[in-house]
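A.B. asks: Here is what each chain is made of, one letter per residue.
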Amino acid sequence: MNEKQINRLAGIGLLVIAFGLPLVVRSATYLHIVVLLYFYAYLTTSWNLVGGFAGVLPLGHAAFVGIGAYTSTILSLQYGISPWLGMLVGGVIATIVGVLIGLPTFKMRGAYFALATIAFAEGIRVIVENVDYIGPLKVNGPRGLQIPPLETGLVNYMFASKEPYYYIILVMLLLVLFLTWFISRSKLGYYLNAGGEEPEAAMALGINVARAKLIAMAMSSFLTALAGTFYAQFSLYIHPKSIISLDLSFEIAFIALIGGRGSIAGPILGALLLRPVGDFSRIYFGDTLPGMHLIIFGLVLILVMHYQPRGLQEPLTRLYKSLVARLIGKTTGGGQEHGIARS
Amino acid sequence: MLYIIEDTINGILMGSIYGLTAMGLTIIFGVLKVINFAHGSMLMVGMYVTYWAVTLTGINPYLAIVIVAPVMFFFGYYLQDIVIKPIFIAEKNVREPITVIIVTTGIWYILDNLTLLIFGPQYRSLADNPWRSKMLEFGDLFISVPKLYGCIIAIVTAAAIYWFFQKTSMGRAIRATSMDREAASLQGINQYKIYNLAFGIGSATAGIAAVTLVPFNNVFPTVGVLFDIKGFIIVVLGGLGSIGGALVGGIIVGLIESVGPQFMTATWTEAIVYGLFLVVLFVKPSGLFGQKHDW
Amino acid sequence: MSVFRKLAVPALAATLIAGSAWAENVKIGNIIPLSGPSATVGQQGKNAREMAIEEINAAGGIKSLGGAKLELVFADSESKPEKGVAEAERLINTEKVNVLTGCWNSAVTYPTTAVAERYGIPFVVPVSVSDKITDQGFKTVFRIAAKDSWWTRDQFSFLKDMQEEFGTKVEKIAFVYENGDWGKGFAGQWKELAEKGGYQVVLDEPYPSTATDLSPVVQKIKRSRADVLMLVSNAADAILLTNTLAEYKVNLKAIIASGGGHADPSFLKAAGKSAQYLFDIVEWETDVNKPGAKEANEKYNAKYGQNLTGEAVDAYVAMYVLKDALERAASLDPAKIREALAATNLSDGPGMIVGYDSIKFDATGQNENASLVMVQVNDTGKGLERITIWPKSARRAGYTPVFPMPEK
Numbered sequence: 001m002n003e004k005q006i007n008r009l010a011g012i013g014l015l016v017i018a019f020g021l022p023l024v025v026r027s028a029t030y031l032h033i034v035v036l037l038y039f040y041a042y043l044t045t046s047w048n049l050v051g052g053f054a055g056v057l058p059l060g061h062a063a064f065v066g067i068g069a070y071t072s073t074i075l076s077l078q079y080g081i082s083p084w085l086g087m088l089v090g091g092v093i094a095t096i097v098g099v100l101i102g103l104p105t106f107k108m109r110g111a112y113f114a115l116a117t118i119a120f121a122e123g124i125r126v127i128v129e130n131v132d133y134i135g136p137l138k139v140n141g142p143r144g145l146q147i148p149p150l151e152t153g154l155v156n157y158m159f160a161s162k163e164p165y166y167y168i169i170l171v172m173l174l175l176v177l178f179l180t181w182f183i184s185r186s187k188l189g190y191y192l193n194a195g196g197e198e199p200e201a202a203m204a205l206g207i208n209v210a211r212a213k214l215i216a217m218a219m220s221s222f223l224t225a226l227a228g229t230f231y232a233q234f235s236l237y238i239h240p241k242s243i244i245s246l247d248l249s250f251e252i253a254f255i256a257l258i259g260g261r262g263s264i265a266g267p268i269l270g271a272l273l274l275r276p277v278g279d280f281s282r283i284y285f286g287d288t289l290p291g292m293h294l295i296i297f298g299l300v301l302i303l304v305m306h307y308q309p310r311g312l313q314e315p316l317t318r319l320y321k322s323l324v325a326r327l328i329g330k331t332t333g334g335g336q337e338h339g340i341a342r343s
Numbered sequence: 001m002l003y004i005i006e007d008t009i010n011g012i013l014m015g016s017i018y019g020l021t022a023m024g025l026t027i028i029f030g031v032l033k034v035i036n037f038a039h040g041s042m043l044m045v046g047m048y049v050t051y052w053a054v055t056l057t058g059i060n061p062y063l064a065i066v067i068v069a070p071v072m073f074f075f076g077y078y079l080q081d082i083v084i085k086p087i088f089i090a091e092k093n094v095r096e097p098i099t100v101i102i103v104t105t106g107i108w109y110i111l112d113n114l115t116l117l118i119f120g121p122q123y124r125s126l127a128d129n130p131w132r133s134k135m136l137e138f139g140d141l142f143i144s145v146p147k148l149y150g151c152i153i154a155i156v157t158a159a160a161i162y163w164f165f166q167k168t169s170m171g172r173a174i175r176a177t178s179m180d181r182e183a184a185s186l187q188g189i190n191q192y193k194i195y196n197l198a199f200g201i202g203s204a205t206a207g208i209a210a211v212t213l214v215p216f217n218n219v220f221p222t223v224g225v226l227f228d229i230k231g232f233i234i235v236v237l238g239g240l241g242s243i244g245g246a247l248v249g250g251i252i253v254g255l256i257e258s259v260g261p262q263f264m265t266a267t268w269t270e271a272i273v274y275g276l277f278l279v280v281l282f283v284k285p286s287g288l289f290g291q292k293h294d295w
Numbered sequence: 001m002s003v004f005r006k007l008a009v010p011a012l013a014a015t016l017i018a019g020s021a022w023a024e025n026v027k028i029g030n031i032i033p034l035s036g037p038s039a040t041v042g043q044q045g046k047n048a049r050e051m052a053i054e055e056i057n058a059a060g061g062i063k064s065l066g067g068a069k070l071e072l073v074f075a076d077s078e079s080k081p082e083k084g085v086a087e088a089e090r091l092i093n094t095e096k097v098n099v100l101t102g103c104w105n106s107a108v109t110y111p112t113t114a115v116a117e118r119y120g121i122p123f124v125v126p127v128s129v130s131d132k133i134t135d136q137g138f139k140t141v142f143r144i145a146a147k148d149s150w151w152t153r154d155q156f157s158f159l160k161d162m163q164e165e166f167g168t169k170v171e172k173i174a175f176v177y178e179n180g181d182w183g184k185g186f187a188g189q190w191k192e193l194a195e196k197g198g199y200q201v202v203l204d205e206p207y208p209s210t211a212t213d214l215s216p217v218v219q220k221i222k223r224s225r226a227d228v229l230m231l232v233s234n235a236a237d238a239i240l241l242t243n244t245l246a247e248y249k250v251n252l253k254a255i256i257a258s259g260g261g262h263a264d265p266s267f268l269k270a271a272g273k274s275a276q277y278l279f280d281i282v283e284w285e286t287d288v289n290k291p292g293a294k295e296a297n298e299k300y301n302a303k304y305g306q307n308l309t310g311e312a313v314d315a316y317v318a319m320y321v322l323k324d325a326l327e328r329a330a331s332l333d334p335a336k337i338r339e340a341l342a343a344t345n346l347s348d349g350p351g352m353i354v355g356y357d358s359i360k361f362d363a364t365g366q367n368e369n370a371s372l373v374m375v376q377v378n379d380t381g382k383g384l385e386r387i388t389i390w391p392k393s394a395r396r397a398g399y400t401p402v403f404p405m406p407e408k
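Residue numbers (my numbering), protein chains in the order written: chain A, 1 to 343; chain B, 1 to 295; chain C, 1 to 408.
Extracted from the complex, chain A is given alone in its bound form:
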C-alpha cells in the first residue's frame, strides 16, 4: 500500500462515516448540532476563498448569508417560487453586491479591509431593520420573516425530519470543498496565494491580483448566499439581528483561524472544535453559571492561538502524515506538507 492508496482509503472512510452518520445518530438533538456544524464549515470554506487564499480578513460575510436567506424567503412567500430557484437568485444578487463591495475594498490593507467589511455588513443590517418594504417586496423590518409550514418535500425545501437537511448541507459542503481543492490547484489559486503573500512581487510578475481577488470574492459571496437559503429553510425564521449579525461574521472567521486559514481542512477542523465547544458548554453551564460557556469559548480561542497560531490543521496534518508513514513503514519527517496543508 502506498501513500496515495492510504489517502484514498481515508477519504472513502470519512465519506462513509459522513453519509452513514444519521443511521447511527438517531437523536434529533445531535443531528441538529451536526447540521449546524456542517453549515458553519460550509460558510467558512466559502469564506476561505477570500479570507484564506486572498490573504485578507473579511468580517462581514453575514451580509451575504442575509441576502441569500431574504431573497429566497421573500420570493417563496410572495410569489410561491421554490426556494431552490430563490437560492440561485440570492446567489446572483450576493455576487453582484460582493463584487461591488470588493472593487474598492480590495485596495485596502489589513485592518482597513476588515473594518470596511464590518461597516458594510452592519450597514446592510441597519437598512433591513429600517425598511418594511423594498418596492413590492415585504422585508418586514426588525420583525423578520417567518416561513409558514408548507407541504414537506423537496420542491418546497421543507422536511419533517432532520435527515434531509443533513444530506443537503453535507452535499453542499462536499461540493464547496471540492471546489476549493480544485481552485487551490488552479492558476487562480496560485494567483490568489501569490497576491495574498507578496502583492508587490506578484504584480511585478504580471499577475492581475485585483482581478483574481474579485473572482474569489464573487465565488465566495455566491456560495455564502446559498447557505443563507439553507439556513432560512432549516430554521423557518429569519431575523436581521441574528442572521446579519456580527456574531455570525465573527464566528466564521474564528472557525477559519482556529482550523487553519487558507487550508482546505481548516474550516472542517475549526468547526469540529468550536461548534461542539460552544454547544456543549452552553448546555452544561447555561443554567447554573450564565455566561460561563462564552468564557470557555473565549479561552479556547486564546489557547489555540497561543499554541497553534497557524491553526489546528498544521499539527493534525503532521500527525496524519506520520501515521501514514508508519503504516507504509517509511520514516519521513513531518516537514513536507502538500495538498491539505497549504498555509
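To be clear about the criterion: a stretch of chain A counts as covered by chain C if any three or more of its residues have a C-beta under 8 Å from a C-beta of chain C, and this derived list gives those stretches:
(1) 25-35
(2) 137-150
(3) 239-246
(4) 278-292
Each computed BS3-like pair below joins lysine-lysine, with the alpha-carbon atoms no more than 30 Å apart:
(5) B:134 x C:408
(6) C:191 x C:408
(7) B:33 x B:92
(8) B:92 x A:321
(9) C:299 x C:69
(10) C:294 x C:392
(11) C:196 x A:138
(12) A:138 x C:191
(13) A:107 x B:33
(14) C:269 x B:134
(15) C:172 x B:134
(16) C:139 x A:138
(17) C:382 x C:249
(18) C:336 x C:360
(19) B:134 x C:253
(20) C:160 x C:360
(21) C:299 x C:360
(22) A:187 x A:4
(23) C:382 x B:134
(24) C:69 x C:303
(25) C:273 x B:134
(26) C:69 x C:360
(27) A:107 x B:92
(28) B:92 x B:193
(29) C:139 x C:360
(30) C:290 x C:303
(31) C:273 x C:382
(32) C:249 x B:134
(33) A:138 x C:184
(34) C:63 x C:303
(35) C:273 x C:303
(36) B:284 x A:107
(37) C:294 x C:27
(38) C:392 x C:169
(39) C:253 x C:169
(40) C:196 x C:160
The hints are simulated quantities; they were obtained by calculation from the structure and are not laboratory data. These numbers come from a predicted model, not from an experiment. In this text, a Cβ means the ideal position worked out from N, Cα and C, and glycines have one as well.
Position chains B and C against the provided structure of chain A, taking the given hints into account.
C.D. replies: Here is chains B and C on its own, set in the frame of chain A:
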C-alpha cells in the same frame, strides 16, 4: 434654529466623549498594528471600576480618575504582557498578526461574561449622583453638564497624550517602535515592553472615558458592545493611529447622531454613519488625518 | 421454603421501593435569555420559576401522579433564535422534557414554539407579547401574558378615562419605541388606535436599542409639542430616555410606558426622581389586591433582593398553571397535558396572585382573562414606588393620580 444649535452642541460634546472612548483603540493600533476587539470590554471594566470606586469610597465621580486610570493602566499592561505578547512572539514575522485579533475577541468574550458571572446582569448607576440630569440653561438652550465635563476631559486627555508622545523619551520610544519595529529594536528599544506600555496607556484612556460616561450612563456587562463598533468607525474616520483624528472622528459621528435625527428617524443615522465611513475609506483609505503609513 | 422466603422478602421490598419511586419527575424545559443583552429579564424568570417549583414540591408535588416532583431544566437562549431552536430540540429529544416554557424574546419564541408544535410538546409562554405567537394556529402554545393588541388597547382606554376623570384634553401624541419586534408591534397598533380615537400623531420615532445618547430623540419629542408620549423601551434605553426627558424639561401631560424596561427592578433605582409621575402598563403590581400576593412578593424580595415584576409573576403563575394541568391530566402523555392545559380554569389556590379572576385559554391558546393595570410612579412619603391607578376598581385606596404632570 435653536434646536439645530442645541443639537450641534450636544453632538460635539457627546462626539468628543466617543472620541475619548476610541482614543485607546487608536493608540494600540498605532503601535501594535492590531485592532483591539476587546476595547469595548476594557471600557466596560473601566466603568465597573469607576462605579465601585465611587460607591465604596464616596469619592467625587470625576476624581475617581486618579483611581481608575492607574488601575486600568496596569490592567492593560499585564493583559498585553501575559495574554497577547506570546502570540506576537510566535508570529514575529507577520506585519499585521490576524491571530491577535482573534485573541482580543476571546478577551472580549471572557471579560463581558466574567462580569456577568460576578456582578450579575443588573443595570447599575451611581446612587445620589449630583451630576445626573445637571444642565446648563441659557434660556431655551440646554447643555448637559456631565457631557461638557466629558468633552473637556477628552480634550485634555488628547493633549496630554500628544504631549507625552512628542516630548517624553518614553513617548518617543513608543513612536519610534510604531514607525519601524526593527530600527527601534536595533536602537535597544525593547519592542514588547513598548507594546505593554502602549496597551496600558490605551487601557488607561478607556478608563478615563469610562469615568466620563458613568455619571450619566448605566453600567452593565454588555455596555462595552454599544461603544465597540462606534469606536472602530471613529478611529478609521480620523485615521488609525491619529490621536487628534480620533477626537475629530468622534465629533463627526456625534454630530451625525445628534443633528441627523432632526431630518430623519434616529435609526437611519446609523446607516448614514456606516455609509460615510465606507465613502471615506474608498476616497481616502488612510482616514481624514491618517498618514500614508499608519501613524 | 426458607430459602424461598429469604429471596422473596428483599424482592418484595424492592417492588415497594420501586412503587414509591414510580412517581417519575415531571421535567419542565425553560428557554430564557440568561446571558447577553436580555439577561436581567431571564434571571427574573428563572428566580420566579424556581420559587414556584419549590413551593409546589414542598406541598407534595403532583398528587395525581403519585406525588411526582416538578423538575426545571433551564437553557440559555442568549436572546438568539438559532440558540433557542437548538435548545428546544435538545430539551425535547435528549432531556425528554414533558413541557416547555419561554422565551421572552418574541424572536426566539416564534421558531421555538414551531419546534414544540412539530413534536406535539405543550409550550407555555409566560411572556412574549407579540400577537403573532398565538395567531399562528399552533395547537400546543398557551400564553399567560396579554398580547400586544390588548396592551395597546388598554393604554388608549386608560388615556381616555384619565381625560374624562381629570377634564384635561389630549390631542397630540408622540410614539417613541425601540426598533425591534416588540416596539414595531406596539407602534403599528398605536397608529390605528390613535386614528380611531381622533388623536393627532405628531411623532412616530423608532430608535436603535443600542443607542448611547438619546438627547436627539428627546429634542424631537420636545419640538413635536406632544401632549402625551408613549414609549416602548428596554432597560438601558428606558433609563437613558427618562433621565434625558427630565434634563431637557420636556413638558408633557403624560408619559405612558409599556412595561419591559420601565418595569425593570433597576429602572426606579437608576432613573430616580426623573421617573416621577410616569405611567406604566403592567400585568401585575406589588400593591395588587389579591390574597397571597403580598406574601409572595415579600418572600421573593427576601430571596432575590428585588420586587416581583409582571414578567416574574407570569413565570411564577405559569408553574402553577402547569401544576394544575398536570394534576388534571394525571398523565405525562403530552397530548393529555395539552388537553388539560386547554381546559384550564384556574381561579384560586396558592400561586394565583394575578390581578384577574381566573386563567382560561381561548381556542388560540391565549389566556383570555389576562388583564393589565396602569401604575404611576410617585412618592407618597415612602420613596418612589409604583402605585396601581387603573382600572379604577383596582386603584390603591387613598391615592389620586397626578394628571397632567406638573409643568417643569
